[in-house]
Amino acid sequence: MPKITIDKDKCKGCLLCVSVCPQGAIVINEELNLRGIKPVKFKSEGKCVGCALCALICPDCCIEVYK
Amino acid sequence: MDKIYSHPQSLRDVSTHYCPGCGHGLAHRLIAEVVDELKIRERVIAVAPVGCAVIAYDYWDFDCSEAAHGRALAVATAIKRVRPQNIVFTYQGDGDLAAIGTNETIHAANRGENLTVFFINNAVYGMTGGQMAPTTLLNQKTSTTPSGRCAQSQGYPLKISEMLALLPGVKYIERVSLGSAPDIIKAKKAIKKALVNQMEGVGFSLVEMLSPCPTYWGLSPKESLDWIQNTMAKEFPLGVIK
Numbered sequence: 810m811p812k813i814t815i816d817k818d819k820c821k822g823c824l825l826c827v828s829v830c831p832q833g834a835i836v837i838n839e840e841l842n843l844r845g846i847k848p849v850k851f852k853s854e855g856k857c858v859g860c861a862l863c864a865l866i867c868p869d870c871c872i873e874v875y876k
Numbered sequence: 681m682d683k684i685y686s687h688p689q690s691l692r693d694v695s696t697h698y699c700p701g702c703g704h705g706l707a708h709r710l711i712a713e714v715v716d717e718l719k720i721r722e723r724v725i726a727v728a729p730v731g732c733a734v735i736a737y738d739y740w741d742f743d744c745s746e747a748a749h750g751r752a753l754a755v756a757t758a759i760k761r762v763r764p765q766n767i768v769f770t771y772q773g774d775g776d777l778a779a780i781g782t783n784e785t786i787h788a789a790n791r792g793e794n795l796t797v798f799f800i801n802n803a804v805y806g807m808t809g810g811q812m813a814p815t816t817l818l819n820q821k822t823s824t825t826p827s828g829r830c831a832q833s834q835g836y837p838l839k840i841s842e843m844l845a846l847l848p849g850v851k852y853i854e855r856v857s858l859g860s861a862p863d864i865i866k867a868k869k870a871i872k873k874a875l876v877n878q879m880e881g882v883g884f885s886l887v888e889m890l891s892p893c894p895t896y897w898g899l900s901p902k903e904s905l906d907w908i909q910n911t912m913a914k915e916f917p918l919g920v921i922k
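In order, the protein sequences belong to chains F and B.
So the first sequence is residues 810 to 876, counted in our numbering.
So the second sequence is residues 681 to 922, counted in our numbering.
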């Protein structure tokens with residue numbers, strides 16, 4: 810099952826990954842990270858298709874994709 | 681399970697100082713990925729600009745030099761002439777390349793130096809507080825043009841890529857965008873071509889990247905990408921210019 814990992818402390822919460830994910834598999838994490846902002850988190854392994862659009866558009870290189 | 685997308689080796693695993701949604705992080709990563717793919721990490725020397733990307737050398741894990749404001753191409757010329765076996769590229773913003781460094785840019789291009797230039801065009805001065813840049817669009821609001829850029833008093837957006845394309849020493853110029861996922865894939869191809877040109881001795885190559893600056897455009901990161909596609913790309917048309 811495809812999945813992604815997100816480095817939550819590098820994430821700046823720009824939400825570009827959320828805007829490009831065709832499956833809605835990335836959501837805002839309500840827990841603050843070390844920067845004091847709300848990063849994103851991976852919602853469920855069932856939805857992800859491993860298209861890697863999120864990793865492609867992430868300006869901070871926080872996302873790794875497994876398929 | 682295989683890892684199909686991971687951090688490029690040529691990019692240090694550190695958090696950058698860029699604002700959320702800034703295009704510099706994307707451009708850094710694309711260049712690092714291409715350097716890895718071409719296996720030139722031991723040969724490449726980058727010249728960082730003055731501007732938001734002034735400490736790019738802290739993020740790339742290959743040799744870098746810093747240059748005085750606007751002088752990246754003069755420094756790169758010296759490095760390439762002394763060490764022709766190295767792959768030398770400059771990474772410059774619109775303030776560095778198209779304002780204070782216009783002189784160096786035009787003459788390095790006119791000499792046909794075998795260099796690669798990555799030109800980040802975000803239509804604003806990011807580091808100093810969002811002032812008007814030469815590439816600022818007409819009617820675009822910045823901190824020094826609060827009611828929008830007016831052609832009568834501030835002139836027109838400077839199209840440096842089209843200007844340089846007139847010079848016989850220039851071999852390849854392409855304008856790409858970082859405004860959407862398909863455009864980012866095209867941008868990576870252009871970056872690769874510009875570096876391969878240098879390896880093959882083709883000559884002066886420049887890739888202009890339309891890059892988002894959500895902070896000083898006053899937009900969200902997503903709105904900034906839309907603004908590039910819907911507004912900026914109309915003033916600065918994408919594609920191979922030469």
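No wet-lab data here; the hints were simulated from the structure.
Careful, some of the hints might be misleading.
Claimed, not checked - Sample of chain B residues lacking proximity to chain F, with all beta carbon distances greater than 12 Å (derived):
hint	residue
1	D682
2	R709
3	L718
4	D743
5	C744
6	N783
7	I786
8	T808
9	A831
10	A845
11	G849
12	M879
13	D906
Claimed, not checked - Simulated pairs of lysine-lysine, PhoX-like, Cα-Cα distance not exceeding 25 Å:
hint	chain 1	residue 1	chain 2	residue 2
14	F	K812	B	K922
15	B	K914	F	K819
16	F	K819	B	K821
17	B	K821	B	K683
18	B	K922	F	K856
19	B	K866	B	K922
20	F	K817	F	K847
21	F	K850	B	K683
22	B	K866	F	K852
23	B	K914	F	K850
We put the CB at the ideal spot given by N, CA and C, even for glycine.
To see whether the hints hold, each was checked on the structure:
Not every beta carbon of chain F lies more than 12 Å from that of D682 (chain B), the smallest distance being close to 6 Å; the non-interface claim is violated. Interface exclusion of R709 (chain B) from chain F breaks down, the closest Cβ pair being 5 Å apart, not more than 12 Å. Under the 12 Å C-beta cut-off, the non-interface status given to L718 (chain B) relative to chain F holds; the minimum distance is some 19 Å. Consistency note on D743 (chain B): stated as away from chain F, and its beta-carbon is indeed over 12 Å from all of that chain's, at 20 Å minimum.
With a least CB separation of 18 Å from chain F, C744 (chain B) remains clear of the 12 Å interface cut-off, as annotated. The beta carbon of N783 (chain B) is kept farther than 12 Å from every beta carbon of chain F, the shortest such distance being approximately 31 Å. Residue placement check: I786 (chain B) keeps its beta carbon more than 12 Å from all beta carbons of chain F (closest about 31 Å). Once the 12 Å rule is applied to beta carbons, T808 (chain B) is consistent with being away from chain F; the minimum gap is 21 Å.
A831 (chain B), annotated as away from the interface, keeps every beta carbon of chain F farther than 12 Å; the closest lies near 32 Å. For A845 (chain B), the non-interface assignment is confirmed: its Cβ lies about 29 Å from the closest Cβ of chain F, beyond the 12 Å cut-off. Separation of G849 (chain B) from chain F is adequate, the least Cβ-Cβ distance of about 33 Å exceeding the 12 Å criterion. Interface exclusion of M879 (chain B) from chain F stands, the closest Cβ pair being 25 Å apart, more than 12 Å.
Not every CB of chain F lies more than 12 Å from the CB of D906 (chain B), the least distance being 10 Å, so the non-interface label is violated. With a C-alpha separation of about 41 Å, the suggested pair K812 (chain F) and K922 (chain B) falls outside the 25 Å cut-off, and the hint is violated. Taken as a hint, the K914 (chain B) and K819 (chain F) pair is broken in the structure, with Cα atoms around 33 Å apart against an allowance of 25 Å. For a cut-off of 25 Å, the pair hint linking K819 (chain F) to K821 (chain B) is broken: about 31 Å separates their Cα positions.
With a C-alpha separation of about 43 Å, the suggested pairing of K821 (chain B) with K683 (chain B) is violated against the 25 Å cut-off. Between the alpha carbons of K922 (chain B) and K856 (chain F) the distance comes to roughly 43 Å, so the proposed pair goes past 25 Å and is violated. Our distance criterion of 25 Å between C-alpha atoms is met by K866 (chain B) and K922 (chain B), whose separation comes to about 16 Å. Annotation: proposed proximity of K817 (chain F) to K847 (chain F) holds, straight-line Cα distance about 9 Å (limit 25 Å).
Under the criterion of a C-alpha separation no larger than 25 Å, the hint pairing K850 (chain F) with K683 (chain B) is consistent with the structure, at around 18 Å. Taking the CA atoms of K866 (chain B) and K852 (chain F), the gap is about 29 Å. The hint is violated against a cut of 25 Å. With a C-alpha separation of about 35 Å, the suggested pairing of K914 (chain B) with K850 (chain F) is violated against the 25 Å cut-off.
In terms of the numbered hints stated before, the structure departs from hints 1, 2, 13, 14, 15, 16, 17, 18, 22 and 23, listed from lowest to highest.
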